[in-house]
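Under this note's numbering, the first residue of the sequence shown carries the number 18, and numbering increases by one thereafter.
Honestly, the hints are just simulated from the structure, not real lab data. Ideal placement from N, C-alpha and C gives every residue a C-beta, glycine not left out. Take these hints with a grain of salt, some might be off.
[As the list claims (entries may be wrong)] Calculated pairs, SDA-like style, for lysine to any residue (alpha carbon to alpha carbon, straight line, at most 25 Å): (1) K183 - Y272; (2) K219 - N98; (3) K219 - P151; (4) K183 - F215; (5) K183 - S110; (6) K76 - K219; (7) K44 - K195; (8) K183 - E200; (9) K135 - A124; (10) K135 - V112; (11) K219 - T163; (12) K44 - G120; (13) K219 - R184; (14) K207 - I154; (15) K217 - L129; (16) K76 - E188; (17) K158 - F215; (18) K183 - P128; (19) K135 - A102; (20) K207 - E143; (21) K160 - G236.
[Said to hold, decoys possible] For each label pair, taking beta carbons as the anchor points, the in silico distance ranges come out as: (22) L52 - H95: 28 to 34 Å; (23) K207 - C276: 52 to 58 Å; (24) N159 - V193: 35 to 41 Å; (25) P128 - M266: 23 to 29 Å; (26) V203 - P177: 15 to 21 Å; (27) G123 - N29: 15 to 21 Å; (28) D259 - P282: 48 to 54 Å; (29) G126 - D262: 28 to 34 Å; (30) L52 - L258: 26 to 32 Å.
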Amino acid sequence: MSVLSLFHPDANPSLSAPTIAAAAFLKTAGKPPVLPLSNLSYAENLLYMMESMGNTSYKPNPRLDRVLDIIFILHAEHEMNCSTAAARHLASSGVDVYTAIAGAVGAIGGPLHGGATKTVPQMLFEIGTVENIPEFIECVKNKKRTLSGFGHRIYKNYDPRARVVKRLAEEVFSIVGKDPLFEVAVALEKTALSDEYFVKRKLYPNVDFYSGLVYRAMGVPPHFTAVARIAGYLAHWRESLDDPDTKIMRPQQVYTGVCLRHYQPVRDRTIM
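Go ahead and model the full structure; you've got the sequences and the hints to work with.
Set out below in structure tokens:
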């Protein structure tokens with residue numbers, strides 16, 4: 018993304034993202050890149066580039082296209098989250114839009130942010146079957162395991178986006194065939210929401226709980242969430258530029274260390 022500023026400084030990052038993502042996906046699979054078509058929609062073009070092998074007459078499944086389009090809309094913007102804050106923080110220093118977006122994309126890949134779309138399927142795979150859920154739940158309560166895809170810094174109830182993605186997951190699996198992991202996910206959700214431990218702590222499924230399974234079923238890498246979120250990053254970037262009160266961000270911190278420290282020569286220091 019950051020290289021666009023050097024070779025294509027007038028390119029729209031949001032419009033370029035699907036092409037870049039698809040090219041990277043094909044490269045890792047040992048396949049040549051495929052150019053987008055002007056008569057296809059945003060999500061449809063991404064599926065076309067990933068699946069067509071350059072056959073211009075290829076048409077992605079319209080139902081799957083609709084599912085991906087809705088998921089991208091759900092992920093496009095969600096106020097001042099970690100990666101969006103990173104984009105605005107960078108933009109406040111005056112860097113070009115590509116650098117700001119590249120920094121945000123790096124942030125959303127973290128396991129505590131957008132990376133949950135990858136960790137949830139891994140967790141479900143490790144659980145294996147519905148019969149193993151009670152044991153897993155006990156491990157979570159005893160701090161031995163982490164329940165990925167549950168809880169949110171803002172929502173203290175059921176994430177409304179998660180309800181939509183769950184319905185989309187049902188539609189996708191009706192097209193591509195059943196996935197045992199989806200059955201585990203549904204049973205895990207039911208078990209957790211009937212357990213006082215999770216209810217008391219207001220731990221409900223978030224948007225990432227089912228998103229990873231949908232991406233997996235469609236053959237879309239989970240980190241492609243960043244492709245959707247770029248639209249939101251750009252909106253925040255433009256808003257920060259248009260705000261006359263915008264200044265370079267300079268967060269304050271409170272020092273809680275030793276009050277008085279004496280300089281010690283390097284040769285006398287002990288390496289801990």
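For each hint, the structure was consulted:
About 45 Å separates the Cα atoms of K183 and Y272, which puts this hinted pair outside 25 Å; it is violated. Using a Cα cut-off of 25 Å, the hinted pair K219 and N98 holds, with the two alpha carbons roughly 20 Å apart. Of the pairs offered as hints, the one joining K219 and P151 holds, with about 19 Å between alpha carbons and a cut-off of 25 Å not exceeded. Distance check on the hinted pair: K183 and F215 sit about 20 Å apart at the alpha-carbon level, within 25 Å; holds.
In summary, the hint linking K183 to S110 is not supported, as the alpha carbons are separated by about 40 Å, beyond the 25 Å threshold. Using a Cα cut-off of 25 Å, the hinted pair K76 and K219 is violated, with the two alpha carbons roughly 43 Å apart. For the suggested pair K44 and K195, the alpha carbons sit about 29 Å apart, so the restraint of at most 25 Å is broken. Proposed proximity of K183 and E200 is supported: the alpha carbons are some 12 Å apart, at most 25 Å.
As the CA atoms of K135 and A124 are separated by approximately 15 Å, the hinted pair is consistent with the 25 Å bound. Among the hinted pairs, K135 with V112 is inconsistent with the structure: their alpha-carbon atoms are about 30 Å apart, more than 25 Å. The hinted pair formed by K219 and T163 meets the criterion: a straight-line CA distance of about 15 Å does not exceed 25 Å. With a C-alpha separation of about 22 Å, the suggested pair K44 and G120 falls inside the 25 Å cut-off, and the hint holds.
Between K219 and R184 the alpha-carbon distance is near 22 Å, which keeps this suggested pair within the 25 Å criterion. Pair hint K207 plus I154 holds up; C-alpha atoms about 12 Å apart against a cutoff of 25 Å. Taking the CA atoms of K217 and L129, the gap is about 22 Å. The hint holds against a cut of 25 Å. A threshold of 25 Å between alpha carbons decides the hint, and for K76 with E188 the separation of about 19 Å falls inside it, so the pair holds.
For the proposed pair K158 and F215, the alpha carbon gap of about 9 Å is at most 25 Å, so the pair holds. Of the supplied pair hints, the one linking K183 and P128 holds, its CA atoms being roughly 21 Å apart against a limit of 25 Å. As the CA atoms of K135 and A102 are separated by approximately 22 Å, the hinted pair is consistent with the 25 Å bound. Between K207 and E143 the alpha-carbon distance is near 18 Å, which keeps this suggested pair within the 25 Å criterion.
Using a Cα cut-off of 25 Å, the hinted pair K160 and G236 is violated, with the two alpha carbons roughly 33 Å apart. Separation of L52 from H95 is about 31 Å and conforms to the stated range, judged on CB atoms against 28 to 34 Å. Look at K207 against C276: about 53 Å separates their beta carbons, and that is inside 52 to 58 Å. Separated by about 36 Å at the C-beta atoms, N159 and V193 satisfy the suggested range of 35 to 41 Å.
Distance hint for P128 and M266: a CB-CB separation of about 25 Å, consistent with the stated range 23 to 29 Å. Taking the beta carbon of each, V203 and P177 are about 18 Å apart, inside 15 to 21 Å as hinted. Judged by the Cβ atoms, the range 15 to 21 Å given for G123 and N29 holds: they are separated by roughly 20 Å. At roughly 52 Å, the beta carbons of D259 and P282 sit within the given window of 48 to 54 Å.
Taking 28 to 34 Å as the suggested C-beta distance range, the pair G126 and D262 conforms, at roughly 31 Å. Between L52 and L258 the Cβ separation comes to about 31 Å, which falls inside the hinted range of 26 to 32 Å.
Checked against the numbered hints given earlier, this structure breaks hints 1, 5, 6, 7, 10, 21; the rest are met.
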